[in-house]
Structure formats: structure tokens, C-alpha cells
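With these hints in hand, go ahead and build the complete structure from the sequences.
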Amino acid sequence: MAIELKMPALSPTMEEGKLAKWLVKEGDEVSSGDILAEIETDKATMEFESIDEGTVGKILIPEGTEGVKVGTVIAMLAGEGEDASAVSAPAAAPKVEAQAVKSDVIQDVSAASGTAKLQTEAKPKVADPEIPHGTNMKTSTVRDALRDAMAEEMRRDERVFVMGEEVAEYQGAYKVTQGLLEEFGPKRVIDTPITEYGFAGIGTGAAMGGLRPIVEFMTFNFAMQAIDHIINSAAKTNYMSGGQMRCPIVFRGPNGAASRVGAQHSQNYGPWYANVPGLVVIAPYDASDAKGLMKAAIRSEDPVVFLENELVYGRSFELPELDDHVLPIGKARIMREGSDVTIVSYSIGVGVALEAAEKLAEEGIDAEVLDLRTLRPLDKEAVLASLAKTNRIVVAEEGFPVCSIASEIAAICMEEGFDNLDAPVLRVCNEDVPLPYAANLEHAALIDTDRVIAAVKKVCYR
Amino acid sequence: MPKTKTDAASGTTDTPVTPAAEDNFALDTLQTTLESDKRYKADKDELFKLYEQMLLIRRFEEKAGQLYGLGLIGGFCHLYIGQEAVAVGLQSALDGDKDSVITGYRDHGHMLAYGIDPKVIMAELTGRAAGISKGKGGSMHMFSVEHKFYGGHGIVGAQVPLGAGLAFAHKYNEDGGVAMAYFGDGASNQGQVYEAFNMAALWKLPIIFVIENNQYAMGTAVKRSSAETHFHRRGSAFRIPGMQVDGMDVLEVRKAAEIALEYVRGGNGPVLMELNTYRYRGHSMSDPAKYRSREEVQGVRDNRDPIEHAKAELIAMGMTEEALKDLDKQVRKQITEAADFAESSPEPEMSELYTDVLVERY
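Chains B and E, in that order, give the protein sequences.
For the first sequence, my numbering assigns the number 14 to the initial residue and increments by one for each residue that follows.
For the second sequence, my numbering assigns the number -2 to the initial residue and increments by one for each residue that follows.
Errors might be hidden in some of the hints.
Said to hold, decoys possible - Below, a sample of chain E positions facing chain B; criterion: calculated Cβ distance under 7 Å:
1) 140
2) 162
3) 193
4) 195
5) 355
6) 356
7) 357
Hints were generated in silico from the structure; no laboratory data involved.
In this text the structure is predicted, and so the values were computed from the model without any measurement.
Virtual Cβ for every residue (Gly too), placed ideally from N, Cα, C.
Below, the structure is given as C-alpha cells:
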């Protein structure tokens, strides 16, 4: 019986990849463990191994093909006693299948992970007023925008360097630092041992010594090992030294829930860092904000915690083609204008909020979506201005509800916008439990558009 | 995890082999050099200068203890009395224009040894606007970027990776500077210290790690807290040469510093120095010192005191008792002035509450 070799999923979030290279050809004998092909995901180039023995029959997807969906049959393997040349392709033409499966694949992924419901094609509806009118736009992933921001700042300022686990030769565990080693060399793109506490301290000390470090944490979950240096060393020293000793450093990496990685790898630390005076905390959503705010973070004289999101890295957005795209820290952005209710969010929650707003529009509710972008200092004025306009606020936050950014927004509205409130501020957060592994429980634990919609209807008394 | 292809280099299947030459790690190479000739050959003037610095620290700390007792200094206050030869001997060997120093919370002595004005240190202890941190840091959090003194850190052990970061900056900037990071026998059990050792040795950072072994981590004697009490061996897992130095003899400390500096400036990576010393006072001002006997403290004072030791040597070199008395008077006067300044200076303006939280406005 011929075996179908299918495009493998090589990471929890992979949906498609490029079949970069075949290492076998039709008619080759292979046994289990042999490398059949190289496959490029959005994160890395991976080797695809055979788990069966047999003879390579028909190769259905030629090397160099981009966007091959996970699960697509890429080749046939003839078993013992079968004639490899007689082994034929599966009934459906593979090319057609590769294109046709798109919606199915997304459904498959949703069965595999609760985070799939955070997937959205929602894009900002309003251009960022900071970007000059008429600027030419191109499409970029958030990942590339972040990489370009770092590369541009490294070209601009010799003092800027990147350090972290797998940032150099591996090209970044999430490929965010791809190509930096090649351009800037090992002096400025530095692989560290797996010692977050130590290298966060070394980065902080280097900043105190006059350099401009970018310290990557593979994820912010691991920064828990280093949080003493982020808070006690980096955030407080300028104050404790009476303004003498600055610490211009960027701590960056993915934050928040990833897919099916369980509780220790899935947490939003935004509220933790936003609690600390002396830090700047940034959590962008789209590619333009990721790039513009990363450049601002690197140039800042203050220590910055820059919270990215793994699930957003691969999303594409409009990115302004400007020589020097730097955005102001501490300014929220209206992503969609509306008059009936404001949905405040940040990071991946913005996508959920935008999608909810689209659905609400179909029901006649005109929601404004406000992306905080910076969590500290928080743009209170923007929140209060939007509240004054809509008189209703729902906060959508992919994170725990207790002592959250949502809690802070509710407090600000109570203290400074009480007269403008026509309904209580509602928080739509993840469930108050460690993030579970099982797909159905993970699904149940995370925020989604339905919950945001329900909360909006509640504050609109609909 | 699936196998990941990294770059062209991963295509090889060679088993990593450590060349035989790299197996020859001798912990004691620098120690052997020190043993061959232990003491710095100071002339009378040089020793007098070191003596003056040690005396300044001693008198400063005695005054700080007094002001604490009067309620003029608050919070935690950790005195350096007994340990003066360590900071003075080591820092006299540094190049103040390019080398940087970082330490923990027992930091007054290191600042004085780096030539920082006792007035602004004392005024920081009393929490006044004229203090070196504008009164916002206190005893444990003092800094002088101008003097390349980078603190003054209150979290035990944190200054070790921070110091490695300073060394990283020296290497990155190719400015020829060396970082000196002090920490105690207590801090030397912190995990982050070894993370810093590893990276400092791996990247050959120009840093001297200085363990001031004053025998007690707060109230816990080294034997009760440390499986390896020969602290100079603590870097051997990272191939960092160790030195064991009598921290009560300022000339031995100075000599050891020069040997270590030559090695580090030569691009060979870090050195770990253990300075055996003793603190006469409690861990902090609130320490009842129930964990050791008065006789033990008195024994060190009587037999190993670094200042008395240097004084006897100066007299043997022909220094008159009168000249030493004059110096003592002069130092006391300087300290009295510092204390008066610290007591009479105003507290910070209320507006200072909100300054220096962030550098920029957003």
C-alpha cells in the first residue's frame, strides 16, 4: 500500500510552509530517519524525516513551492514489493488541493488549538494620524517589521546590539532576528547561554556603561528568571541615583498565550511590568506600530519592556514606506472610529476587538476600537476622550482579569470619567485559571469576539 | 522538538573535541605569582596615602554609626569598619579614568576609596538634597557616573552580572577599561553570580570579581552557609583563575590587584579574588551580633587591624607620631565637616518626588 507523505506541521502555529528543497528523488530507496526534504516555516528551516521505509514514488510538490498547506500530500512512497513508478498521485490534484484546503486548514487548526479563535484578518480601519498623509504603503509581517526596526537602528547607532538565546546563528527562535548576524557580525548579535537572570543583568550593566542593548527573551515567561534585573536594576536606578545613572535598554520578546504550550509558557505580563514606575511598557498590535515603536524604544533613554506576540508575528499589515518610521511612545491609537461604545485593547486583543466591532456593526452597534499600544505610561487622555464620545467602555484583554490593564482602565474611568459613564466598565479577559493544555479547555479559557460582543451588548443595554 | 537546521556550519557531523591544551587549567597560576612576592613595595609617601584613605573610611563609618544612633540616618546602614584595606588596596591599583567599580549595599568605603567627596556621601545617608543621589537613594543606593562608580546595589548578588555588563561595555567600546565587581561571601552563593562567571569567562570580559569574605553572611558564618569556603575556587568550573589574599594587609591587597589587573588587561578574561577580611560592626546597625563572641571581634582588632598594621609600618619607615597625629586630626576635621554639612543641608524639595522616574517625557 503506497504511503502518502504529507506536509508536516513543524511548529504549534504553522499553517503552511515552503518546500525549500528535496533531498531525495523519485526512485530513491529511503529508510526511517532519512532526511527527505527541507521545509521553511515562518520561523526556521526544518528537516523533514521519513518515518517509513520504501521507494520514493511520485514527487507531487516541486521544490521551491511556497505556501504549501500543512497536510497537503507532497510525495508518494511505495512500500515493499510495490512498483514505485506505478504509485500514482491521490485522486485530487495536489495543486488544486493546496489551494482549496485553505479554509479547511484553518478549521483544523481551530480544532487543534484554542488560540485559533484569536486568529483574525481584521485590520485597522483608520490610518495612524502620525503617518504623513499620502505615504506609500507596503505589506509586511509584524516579524519583518520588528527585524527591520532593529536593523535600521543598528545601522544608525553603533552602541545598539542584540543579545539573547538563539538570536544569532539560529536566526532567532521565532526568526525575529533573522539576518542580523550576517549583517552586523557576532560582536553585535550575541548568542547567550540559557541564563536569563545573568544575561539580563549583563545587558542592564552594559546599558549603565553607556551601550544600547536589546535583550531578547525567547518568551517573556522566561523573563521571570530575570525580573529582578528588569525591575530592581533597570527600572529603579535612575531614580535612586538622582537622575545620574540611566539605563537605556530594550527587553523584548513574545508575550501572552501561544498555541497549546500550557500554563508555564502562556501568560501576559503586561500588567506586571505596567505596575512598575521607571519602566516604559509597549505592546503593539500591527506591523506599523511594531516597527515605529520598536525604533522609538531603542532610541529611548529609559528602560523599555517591549511585549510582542507569537501569534501575531506572522500576520501581515500595511507598513508605511518611510526612511525613518518612528512613532511616539505613550500614545494610544484609534483603530476604528465609532460612536456607540469604545472597546479598549492592546496587542493581540486588538484583532479580537476589531473583529467584534465588524460583527457589531452588522447589528447596528457602532463600536470604536482604541489600541493602547503603550501600557506605561498609559494614554489616559485617549481613553477618557473616547469615553466622553461613546459613554461606554469594554476592555478586551488577552490576560488574567485580576489586577489587569482592564482593571486599571476601569479605575481611570471611575476616577476621572465617572460623569461620562452610561454603564459600568466591563472587563473581557481570559478566564482566571492557568492556561490549560487540552484544546477544548484552552479554547474556553481565552477571550474571543463572542465574549466581547456580549459585553458590548450588555453595556449598550441591547 | 524537530531537528533544526541552523546554518552551513551545522552540516558537519564532527564530534566536538576539546583540544588537549585547553584541558590545562591551573586555578592557582596568579596565586603562585603572588606567593613569590606578596607585598607591594610602597615608599613612605605611598603608604601614607593608603593609610590616610583607610583612616578616612574608618572615621567616616564611625561618624555614620553615631549619626544613625542619633536618628539622623534611617533605614539600613552597613558599615565597612575592619574591611578598609580591601577597597583602598584594590582601587589604588585601578585607573580612575577608565576602570569602573560596582559593589553591593556596603558601599561607603568603595566610594571614599574612589575619591568621592565624603560630604555628598554623608548627606545622602541623612537623606538630604545635597546627597549624591539627591537624597533619593540612601546608604545602599549611591552612584557616581563621573567617577565610574556604578553603585551601590541593594539586591544581594545583582551587582555581579551588572559588573559583567560594565566589563562587556569596556570590551565593546575597546576603551581598555576593567570592571571591578565586589560582593560578599553571602552573595557568592547566589545563582546569578555563576551565570555571570560563565559568560564573563566565555566572552573573556575584562572583569575582576572580588569576594570580600568577611566571614559572615549577615549572621550566618561561612561554614554554616557554604559547602566550599575557599571562595577563590568558586570560579574553577568556569576556568577562572583564583587568588586568595589577606584583606587585612593593604600592601598585599595592592600587589594582588596589580597581578590580577595585568592578567585581565592582557585580554585573558576574568579573575576571581577572595579577600579575607573581617567586619567589626554588625551586619547592619540593627544587628545584635549574637552569632559571634566579643572575644573573636576583639582578637581581630588587636592582632589584624589593617590601619594599625599600616601605622606600625609607617613608624618603622621613619614617620613621626606627630605627623600621624596631625593626619588623624585633619581626617577628623574633614569628617566633622561632612557630618555638619549632612545635618544642616535641607531635605529634598517636594517636587523631587516626581523627578528622575523616567528620563524622557512621553
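Inset, instruction - Would you pick out the hints that fail for this structure and give their numbers low to high? - result: none
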